[in-house]
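Could you build all of it, start to finish, from the sequences and the hints given here?
Keeping their order, the protein sequence lines are chains A and B. In terms of the working numbering, the first sequence opens at residue 1 and continues consecutively. In terms of the working numbering, the second sequence opens at residue 1001 and continues consecutively.
Hints are computed from structural coordinates only; laboratory data are not their basis. Computed from a prediction, not measured in an experiment: that's the story for all the values here. Watch out, some of these pointers could steer you wrong.
[What the hints assert, rightly or not] BS3-like mimics (lysine-lysine), calculated; alpha carbons at most 27 Å apart, straight line:
#1 B:K1014 <-> B:K1234
#2 B:K1090 <-> A:K257
#3 A:K2 <-> B:K1124
#4 B:K1090 <-> B:K1234
#5 B:K1242 <-> B:K1205
#6 B:K1194 <-> B:K1252
#7 B:K1277 <-> B:K1304
#8 A:K258 <-> B:K1315
#9 B:K1234 <-> A:K257
#10 B:K1315 <-> A:K87
#11 B:K1277 <-> B:K1243
#12 B:K1007 <-> B:K1234
#13 B:K1277 <-> B:K1234
#14 B:K1124 <-> A:K257
#15 B:K1035 <-> B:K1234
#16 B:K1094 <-> A:K2
#17 A:K257 <-> B:K1007
#18 B:K1156 <-> A:K257
#19 B:K1192 <-> A:K257
#20 B:K1048 <-> B:K1234
#21 B:K1310 <-> B:K1283
#22 A:K257 <-> B:K1205
#23 B:K1205 <-> A:K258
#24 B:K1035 <-> A:K87
#25 B:K1094 <-> A:K258
#26 B:K1277 <-> A:K257
[What the hints assert, rightly or not] Here are a few chain A residues that face chain B, going by a calculated C-beta distance under 8 Å:
#27 K5
#28 M16
#29 A92
#30 R97
#31 I255
#32 K258
#33 I260
A virtual CB, placed ideally from N, CA and C, is assigned to each residue, including glycine.
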Amino acid sequence: MKLDKYLEMIRIRFLMMLAYRTNYYTGILIYSINIGAYYFLWSAIYGSKEQIQGLSVTQMTTYVAISWMARAFYFNNLDREMAMEIKEGRVAVELIRPYNYLGMKTMQGLGEGIFRLIFFSVPGFILVYLLFPIQLSWKPDIWALFAVSILLSFFINTELNLLTGITTFFLYNNTGLIRAKRVVIDLFSGLLLPMSFFPGWAQEVMRYLPFQGISYIPSMIFTEGFTHHQAFEAIGQQFLWVILLFIPIRLIWSIAKKQIVIQGG
Amino acid sequence: MNAIEVKNLRKEFKAYSSRSGLAGAFRDLFTRNYKIIPAVNDINFTVKQGEMVGYIGENGAGKSTTIKMLTGILTPTSGEITVNGMNPHKEREKFVQTIGVVFGQRSQLWWDIAVQESFRLLKKVYKVSDEQYNNHMDHVIKTLDIEPLLDKPVRKLSLGQRMRCELAAALIHNPPLLFLDEPTIGLDVLVKLKIRDFLKEINEKYNTTILLTTHDLSDIEALCERVIMLDEGKVIYDGALKKLKETMDDGKEVQFQFLQNVDLTQVTALTAGMPVKWELNEKEQLFTAYIEDQDELISQLISKVVSAYKIKDIKINETSTEELIRNIYEKGAVEVG
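Put into structure tokens, the structure is as follows:
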């Protein structure tokens, strides 16, 4: 079967993550501290106000918690890994394999994501749930929509990472670009601040960019900040971005393959 | 059938140079100087199925660049390549299924996980059935003696252990063509011997074509009947290793060490009239006579010297392949009649 090798790759990445367990324990700690810090910050901002921009303080806390937990799933360092592989010439080994390099990278990201979802987001969320006032919905339809939505977040984020990674073929050193991309995504995806807190014109601009599909949409679905109708529309938008981003990747990849220079040896 | 056909193959790289000084650095921001350098310069050769060919050359001669084009990693600037009946770059995914590659300087196994996990993934990647895998790999694993290494993570293996696993990994799908880019670099003699024996065996058993680049000429001598020699991107010799040796053979060298004090003029005078050239290594008081490879001449020389002086040690050496190759590079070309 054709998918076989890709599924095997997910398993391999899973094993690799298990080989470095310490990273994983410190990760839980860092995420919990982050969520705690944002909780206290937002409590101070809310003060005695019931609502800001249509969100209550409990919804806000839930939003922050779920954004970070979802991030554990969609976040990966594929761009940095690709940059390393290209700079050190290890990409040569990838190109002599009968598989699609970018497809394999995506699967590695997915393996990493699933690992973190199971061993990191779930226990982390339970911890956060016990510590902070969080409102959880138990409606199965919300959970289903959320599941679809974070899967699409993963693909949008991964596609942006692949795009950034491929630029190494042209720029040779793109550390700055990778760092810039990360800041842009954290800010414009709604991880640090829900989109509804941005000024009106910025919200308008964001509507035409893929970033809010990464964090804002799944988090809003989970906190029930969206109506059903809005949720479907938002998921449609995410899906559109997954397809749209595929085009430049194919384009740049085929150019890159032609003018590849393998470093060293 | 030809496993590899290469016609007028050429690969050019842009080599950027930096201007000097601060002002130069600023100018470099906008326009940069570069030269176009042909790393591989119009080469032609064919390799038949089942041949073992040594592809040799100095560092930077273009060996690795050629291998990368043959394996479909790099696109040639111009020229034609047909490997296993396919164009490596155009039909990459189908093509790489028919080759195995070992890069001595970089690992193709996953660093943090056990060797057998890498094998398992590669087995899936190359769509090898359980039956094929067991038939073929059981033997490979036994011959290379890597059974006890399979459950260890690659990062914990020694270089020799890792290389043996790399070789096994390249053979999981039993490819008809094997590229080995410096497979024995940094290995000890025992591992080298094991790898050579193994390569010979699979060549005989499966008629596997092997293209080998190496700096260790003993590898080539042990394995390859044919060598292709590359210098500055051009093929300077393509043919049998034996023939190369015969044509390039400058004769033998006879080394003497004497018990008494002798100097160079004395020995030269002694053998006057004979086609001998003397050299003296002053530190070790080692006299070397270069002479044509004729039994008669050599015995004459020895008898003359021995009857005149007391001798501590005497050695007859053939010119080694290393020396031969060095001579060729110094001259820059080979003419084989």
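Legend entry - Hint check against the structure, violated hint numbers in rising order: Numbers 6, 8, 10, 13, 18, 19, 22, 23, 26, 31 - these are the hints that the structure violates, sorted from lowest upward.
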